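Colleague: Listed here are the chains, written in short residue letters.
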Amino acid sequence: MAEPSAATSGMTTPEATTLREAVALDERPTRPSAVSSTLTFAHRALLKIKHVPEQLFDVTVSPIIFTLMFVYLFGGAIAGSTEQYLQYLLPGILVQSVLFTTVYTGYTMNTDITKGVFDRFRSLPIWRPAPIVGALLGDTVRYTIASAVTLTLGLILGFRPTGGVVGVLLAVLLLLIFAFALSWVFTILGLVLRSPNAVMGVSMMVLMPLTFASNVFVDPETMPDFLQGFVNVNPVSHLVTASRELMGGSASFSSVAWVLVASVVMTAILAPVTMRLYRNRS
Amino acid sequence: MTELAVEAEGLVKHFTTRKSVTRAVDGIDLAVPQGSVYGVLGPNGAGKTTAVRMLATLLRPDAGTARVLGHDVVEDADAVRSAVGLTGQYASVDEDLTGTENLVMIARLYGFSAAGARARSAELLDAFGLSDAGARPVKTYSGGMHRRIDLAASLVMSPSVLFLDEPTTGLDPRSRNQVWDIVRVLVDDGATVLLTTQYLEEADALADRIAVIDRGKVIAEGTAPELKSSVGEGALSLHVADPARRAEAAEIVERALGTPVVLDNDSTGLSARVPQEGADAVAGVLPALVDAGIAVPEMSLGQPSLDEVFLALTGQPVDDADASTEEVA
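Protein sequence lines, in the order shown, are assigned to chains A and B.
Each step along the first sequence adds one to the number in my numbering, with nothing skipped, and position 148 is 148.
Each step along the second sequence adds one to the number in my numbering, with nothing skipped, and position 56 is 56.
Derived from the structure by calculation, the hints contain no laboratory data.
You may find that some hints are simply not true.
Selected chain B positions facing chain A (Cβ under 8 Å, derived; list incomplete) [what the hints assert, rightly or not]: (1) D78; (2) E95; (3) D96; (4) M105; (5) D126; (6) I182; (7) V185; (8) G284.
For clarity, every value in this text was computed on a predicted model and none was experimentally measured.
Ideal Cβ positions, reconstructed from N, Cα and C, are used throughout, including at glycine.
Build out the structure end to end from the sequences listed, making use of the hints.
Modeller: Put into structure tokens, the structure is as follows:
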């Protein structure tokens with residue numbers, strides 16, 4: 001029935017010999033630390049950006065389109081002049097650009113699951129959260145690129161942050177912290193939903209109200225009461241307020257603290273849920 | 001008593017959907033001796049992958065216990081993970097990354113130094129005939145190369161137990177033979193391999209023992225010859241020289257053996273099952289044909305194929321399952 005092929009009969013062919021030597025492992029390393037495993041996964045995320053640079057298209061192009069569209073299309077109507085509106089809008093659109101990028105976290109995770117890469121990781125004797133935490137760390141590179149693109153365009157168009165370089169950098173840092181915390185929403189969706197496209201669709205349905213029903217584009221004073229109620233509890237509004245203050249050089253402790261506390265609370269609740277789903281995935 | 005590499009008792013896993021509960025694995029017992037190839041044979045949806053995923057700690061059993069090299073897959077999952085390698089449709093490498101990057105990443109995750117990981121990666125690529133492809137993204141690999149890099153990835157730490165979930169599904173015959181050769185070398189060197197397959201030929205060619213599973217249960221277990229003889233019968237097949245006389249020959253064979261004769265698709269072949277106590281009857285077939293003046297240029301007596309075994313055990317031919325695999329690949 002089965003014809004034994006050349007390499008099997010004697011097991012002395014060159015291939016069999018190199019294979020045998022490769023399998024006989026002389027040095028067995030000790031298990032790496034949690035930090036080292038996490039960094040290995042972060043490195044993987046960077047390698048993926050290197051090999052599939054198209055995935056940065058959204059990150060770079062959509063902030064440009066959104067910024068240009070809102071400033072020149074609506075700026076005059078909303079703020080009286082496009083220059084004035086740019087000063088108001090830019091910190092908000094920076095937040096929106098980066099938060100939109102967080103959906104890729106769930107998308108890539110779901111792709112890993114459907115392609116079977118995740119099961120390989122889960123079969124390894126490593127610190128269990130490493131693949132997820134590593135991927136989130138790698139994603140901060142994406143967030144940083146989105147931030148840089150938006151800020152550069154803003155500066156070219158005439159945005160002048162009175163908070164200076166330090167204020168802008170602190171605003172970006174605060175934004176990265178919040179984006180990391182928000183990403184856990186998408187890791188959960190990535191683990192629960194069936195296909196990468198479903199993750200993308202549902203994630204956008206989460207992000208649209210979060211970013212549009214906020215103070216990103218307009219002053220909430222102009223909104224009806226019921227909407228103001230939501231806008232005022234929306235963590236994105238607090239993040240945008242804190243960013244505006246930091247970039248404007250007038251940060252208040254309370255707005256920054258609000259964002260940090262919200263980030264910690266979100267991570268504390270959502271990260272364990274993610275890990276539970278990750279461990280029990282079938 | 002031989003040491004067992006893998007043992008499972010009463011393993012159960014059901015999946016609940018909105019409408020129903022599927023008992024994907026419905027009480028499976030396995031005992032895999034160290035240093036052997038153990039084949040888990042069954043059609044699509046029989047529960048093979050689910051069983052392997054439980055043994056590899058990816059799924060928690062709903063009931064029953066399993067141990068790999070003495071470590072419980074639930075209580076001592078990390079020890080199991082350190083000892084096993086896993087390759088299958090559901091445990092693959094990252095297609096966006098190159099072969100080298102994948103192996104280096106996995107070696108790093110096992111604790112190799114950066115330089116050690118690169119050396120290990122080069123060594124494995126060489127052993128699997130992938131040195132030239134190491135710098136290319138895995139998505140550009142052919143099916144056979146892809147399966148070899150998957151195998152290499154599961155051998156980074158030289159595991160003593162290797163789970164291969166349908167390692168040759170969708171491969172061409174040449175790549176399939178390469179995978180078989182790799183398995184033989186590994187076992188020759190003392191590893192234990194548990195492989196699932198829906199190809200009877202593969203189980204027959206590689207496995208020391210085979211568990212046939214269907215609908216989440218083990219329906220037969222043993223060596224390939226044991227399974228074949230448990231069906232009880234061999235088969236007699238012959239060809240007549242003159243197609244016109246085949247019907248006559250069929251009648252003679254049927255009278256001698258007392259079992260129904262099946263005519264082959266060509267115009268000269270026919271075959272019949274040999275009844276369990278029919279050795280003597282077989283001896284009478286040829287003289288009877290000679291007496292009737294029917295020339296028989298070809299005649300053979302063989303054990304039943306595993307296909308026939310499967311049909312006898314489940315009442316359902318394996319061809320159904322085979323047809324649906326093509327899409328998976």
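Colleague: Under 8 Å, Cβ to Cβ, is where B:D96 needs to be relative to chain A, so tell me if that hint holds or is violated.
Modeller: Nearest chain A Cβ about 5 Å off; hint holds.
Colleague: Regarding the hint that B:V185 lies at the interface with chain A, is the smallest CB-CB distance below 8 Å?
Modeller: 5 Å, holds
Colleague: Can we keep the B:D126 interface hint, with Cβ of chain A closer than 8 Å?
Modeller: Hint holds; B:D126 Cβ to chain A Cβ min 6 Å, cut 8 Å.
Colleague: Does the interface hint hold: is B:E95 within less than 8 Å of chain A, judged Cβ to Cβ?
Modeller: OK, holds: B:E95 within 8 Å of chain A, min 7 Å.
Colleague: Under 8 Å, Cβ to Cβ, is where B:M105 needs to be relative to chain A, so tell me if that hint holds or is violated.
Modeller: 6 Å, holds
Colleague: Quick check on B:D78 please, does its C-beta sit within 8 Å of some C-beta on chain A?
Modeller: 5 Å, holds
Colleague: So, as I understand it, the hint says B:I182 touches chain A; can you test that by seeing if any CB pair is closer than 8 Å?
Modeller: Hint on B:I182: holds, closest Cβ of chain A at ~7 Å, below 8 Å.
Colleague: Let's test the interface hint: is any C-beta of chain A closer than 8 Å to that of B:G284?
Modeller: 28 Å, violated
In summary, the one numbered hint that this structure violates is 8.
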